[in-house]
Amino acid sequence: MDCSELISGIKNKFPGFNAVSVSQNYLDEVCIKVPAQIFKDTCLALHAILPSPVMMLFALDQREEAGKFVVNSVFVNFKASQWVTVTIDVPQENPCFDSLAKSIYSAALFEREIREMFGVEPKGNPDLRRLKLHDEVCPQGNYPLRKDFREIQPGELAGYKFARVEGEGIFEVPVGPVHAGIIGPGHFRFSVAGEPVINLESRLGFTHRGVEKLFEGKSCPEALRLAECVCGDSSFAHSLAFSHAAEKISGPRIPAQALYLRGIFLELERIYNHANDVGGIALDAGFSFPSALASVVKEAVLQLNERLCASRYLKNVNAVGGVSSGIDPHRKQELLAALKNIKRDFDELTEILLSSISFMDRVDTAGVLKRKTAQDLGITGLAGRASGIPTDLRKYFPGIYKEAKFKMALQGSGDVLARLRVRIAEFAESCRLIEEFAGKLSDGGQIRVDPQLKPGSALGYTEGWRGPVLYWVKTDPRGLIERCKIVDPSFHNWQGLSYAVLGNIIPDFPLCNKSFGLSYSGNDL
Amino acid sequence: MLRILKTRVLKGVVTRHISPELFKEIEPDGRELRSLIRKKFGRSLNIREVDTGSCGACESEINAANNPVYDLQRFGVNFVASPRHADALLVTGPVSKNMLTALKKTYEAMAEPKFVITCGDCALDGGLFKDSYYVEGPVKDILPVALHIPGCPPSPSAIIKALLAFLK
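Same order as they appear, the protein sequences are chains A and B. The first sequence maps to residues 46 to 570 in this note's numbering. The second sequence maps to residues 171 to 338 in this note's numbering.
It is worth saying that the hints were derived from the structure and are not from the lab. Note that this is a predicted model, so its numbers are computed, not measured. Cβ atoms here follow ideal geometry from the backbone N, Cα and C, with glycine treated the same way. Among these hints, one or two may not hold up.
Straight-line distance between alpha carbons at most 30 Å, and here's what the computed DSS-like set of lysine-lysine pairs gives [to be verified]: (1) Lys206(A) to Lys274(B); (2) Lys274(B) to Lys377(A); (3) Lys206(A) to Lys275(B); (4) Lys194(B) to Lys377(A); (5) Lys258(A) to Lys275(B); (6) Lys310(B) to Lys258(A); (7) Lys284(B) to Lys331(B); (8) Lys519(A) to Lys452(A); (9) Lys388(A) to Lys417(A); (10) Lys377(A) to Lys415(A); (11) Lys385(A) to Lys274(B); (12) Lys263(A) to Lys78(A); (13) Lys310(B) to Lys209(B); (14) Lys293(A) to Lys147(A); (15) Lys176(B) to Lys388(A).
Which bits of chain B does chain A cover? Going by a derived footprint, with three or more residues having C-beta under 8 Å, they are [as the list claims (entries may be wrong)]: (16) 196-205; (17) 254-267; (18) 270-280; (19) 284-290; (20) 311-322.
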């Protein structure tokens with residue numbers, strides 16, 4: 046589907062469509078500018094014809110240079126391997142736009158975020174509570190992502206209103222923000238009738254550090270280091286998505302060797318996290334032996350990472366324009382040998398798990414997230430694939446994955462077992478991909494080019510182990526970051542958890558939670 | 171069950187077998203740590219961990235210190251679920267404004283005597299996040315900090331070594 050086909054598709058669905066401009070700055074990005082009045086209808090049409098959830102929805106503050114805010118809504122077009130952005134101007138005198146939330150649920154959280162960060166009102170959104178700036182510590186009227194914001198101004202503090210379930214025999218169980226394990230902070234409010242959970246509200250934002258604001262004014266190498274610390278267990282995926290955006294803006298061709306190396310590191314990140322989560326699921330079902338075995342597998346991958354690039358979490362290895370260090374033939378042998386052991390241990394682990402009747406009894410049909418619900422919420426990545434949604438950027442934006450004949454893992458039942466099976470399948474596939482990419486490495490090939498940064502904007506993306514990691518980056522004439530919008534898959538998927546636990550008992554919550562394996566820091570930014 | 175037994179026997183004690191260099195690195199430190207903890211804490215040092223806005227890498231390494239390879243617990247260090255059971259509070263992250271109250275309350279919930287350890291560069295001075303509008307840290311301005319473990323993130327062996335150096 047090229048641009049014109051897409052436009053006629055929208056016109057079919059929404060006859061009143063009338064674009065101010067349609068531009069295609071990159072092969073994989075279409076930007077449609079529309080008058081603010083038809084923003085909602087255009088988004089609805091795209092949502093229906095692609096079909097795609099709202100993958101990103103964010104604002105920019107351009108009051109100083111143009112007297113306006115800009116709101117961008119990004120959809121994905123898997124059929125054409127393209128991202129479609131609908132953009133509108135929002136006048137600074139009347140900062141509001143039509144809310145999509147009632148028709149496209151996946152837009153709801155983004156709109157709340159825009160409101161708290163920019164003070165731009167999503168008209169018609171029924172829920173305007175703040176996500177990241179907690180009312181108890183941050184007075185209303187502070188909009189951190191506005192360009193003229195300096196620091197938080199004192200003012201009147203308020204409280205947070207949880208959704209309440211009322212009725213006879215209903216009670217609430219509050220959990221967090223500090224949890225019993227060694228894990229990030231978040232508050233969960235369960236409403237329970239007898240044993241089953243009938244409502245779960247997660248209140249997150251506890252690890253909010255103002256990451257997007259910190260990106261502003263940074264040079265690309267500095268920003269890359271920051272991207273690595275946005276979400277510690279996806280540091281390579283985040284740095285890759287950021288550098289992808291920066292490279293699209295500056296436009297150099299990345300050497301093939303660098304692409305293979307990046308592929309290897311990205312898959313290594315996936316396998317250590319999958320091993321960790323498989324172990325976590327076993328532990329939360331009270332099965333300690335496989336969990337210990339899984340942590341041995343994870344440790345083996347982390348130690349391998351350290352031998353390959355001197356960082357257990359693959360930091361400092363990615364660079365804008367390529368990678369900073371290669372894998373020589375000696376290291377390659379080491380990689381392949383270690384991988385063989387890792388694979389053997391992991392196979393043993395899965396056999397132990399899947400042949401244990403009491404374990405299977407716990408995970409089978411626990412925490413079901415139905416496909417329809419998952420689609421409505423815009424669930425992405427591995428949780429989406431477990432619920433039967435074929436969504437994987439490695440398949441639809443293939444690059445090096447095409448020649449490696451990447452096979453997407455897909456399950457249908459949407460329960461804990463399905464998410465476990467997706468991980469098991471992906472672990473094997475990732476090991477295969479690493480071997481495939483390692484076979485393509487040649488000694489002495491170029492692994493890095495030096496990009497000259499220009500002003501511009503682009504969307505960088507990569508399929509991290511949880512799902513798509515998206516970075517929308519805009520640079521100014523000096524090549525410094527003007528705005529960076531980050532979407533970690535956790536942002537979409539936390540909502541999935543709230544629906545998956547319904548009808549389950551509270552003791553199964555850790556199990557459901559671990560099966561999603563979501564990040565607090567990636568969500569809270 | 172048979173498979174578990176087989177794996178258990180074949181694998182043996184992984185602290186010994188996974189990497190001989192690592193074994194040499196950790197074992198002497200660990201043994202010393204154990205005798206110090208026996209002496210100073212009457213058997214075990216109980217730690218409660220609080221994340222005040224870390225990226226999760228420090229948590230991952232603290233968890234790794236408890237995996238069968240490093241097995242910090244055999245040296246007498248336990249990570250406990252409640253601050254009421256803890257001797258020490260281990261803090262990671264630059265202290266997001268949203269976590270300030272929770273951090274203070276966790277510290278207040280601990281019984282005396284107690285001390286605070288910070289883990290990772292963010293907890294020392296805010297690290298990459300120190301200029302943020304939403305960072306309240308560093309931890310040492312909020313609670314009395316007795317020990318800092320540097321690194322981004324500190325490796326499990328660095329955590330073990332730092333604990334040992336502190337207790338000596």
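Against the structure, the hints:
A C-alpha spacing of about 23 Å is found between Lys206(A) and Lys274(B), which places the hinted pair at or below 30 Å, so the restraint holds. Using a Cα cut-off of 30 Å, the hinted pair Lys274(B) and Lys377(A) is violated, with the two alpha carbons roughly 48 Å apart. Simply put, Lys206(A) and Lys275(B) have alpha-carbon atoms about 22 Å apart, close enough for the 30 Å limit, and the pair holds. For a cut-off of 30 Å, the pair hint linking Lys194(B) to Lys377(A) stands: about 26 Å separates their Cα positions.
Between the alpha carbons of Lys258(A) and Lys275(B) the distance comes to roughly 29 Å, so the proposed pair stays at or under 30 Å and holds. The straight-line distance between the Cα atoms of Lys310(B) and Lys258(A) is roughly 25 Å, inside the 30 Å bound, and the hint therefore holds. The suggested pairing of Lys284(B) with Lys331(B) holds, with an alpha-carbon distance near 20 Å, which does not exceed 30 Å. Taking the CA atoms of Lys519(A) and Lys452(A), the gap is about 33 Å. The hint is violated against a cut of 30 Å.
Taken as a hint, the Lys388(A) and Lys417(A) pair is broken in the structure, with Cα atoms around 35 Å apart against an allowance of 30 Å. Simply put, Lys377(A) and Lys415(A) have alpha-carbon atoms about 42 Å apart, too far for the 30 Å limit, and the pair is violated. Distance hint between Lys385(A) and Lys274(B) is unfulfilled; the C-alpha atoms sit about 47 Å from each other, more than 30 Å. Distance restraint check for Lys263(A) and Lys78(A): the Cα-Cα separation of roughly 28 Å lies within the 30 Å cut-off, and the hinted pair is therefore satisfied.
Simply put, Lys310(B) and Lys209(B) have alpha-carbon atoms about 28 Å apart, close enough for the 30 Å limit, and the pair holds. Note on Lys293(A) and Lys147(A): the hinted pairing is violated, with a Cα-Cα distance of about 34 Å set against a maximum of 30 Å. With a C-alpha separation of about 18 Å, the suggested pair Lys176(B) and Lys388(A) falls inside the 30 Å cut-off, and the hint holds. Counting residues of the region 196-205 of chain B whose beta carbon lies closer than 8 Å to any beta carbon of chain A gives 0, which falls below the threshold of three, so the coverage claim is violated.
Requiring three or more residues with a Cβ within less than 8 Å of a Cβ of chain A, the coverage given for the region 254-267 of chain B holds, as 4 such residues are present. Interface restraint, the region 270-280 of chain B with chain A: holds (4 residues with C-beta to C-beta distance below 8 Å; minimum three). With 0 residues carrying a beta carbon less than 8 Å from a beta carbon of chain A, the region 284-290 of chain B misses the three-residue requirement, and the given coverage is violated. Taking a C-beta to C-beta cut-off of 8 Å, the region 311-322 of chain B contributes 1 residues in contact with chain A, too few for the three needed, and the coverage statement is violated.
Hint compliance for this structure: hints 2, 8, 9, 10, 11, 14, 16, 19 and 20 are broken, all remaining hints hold.
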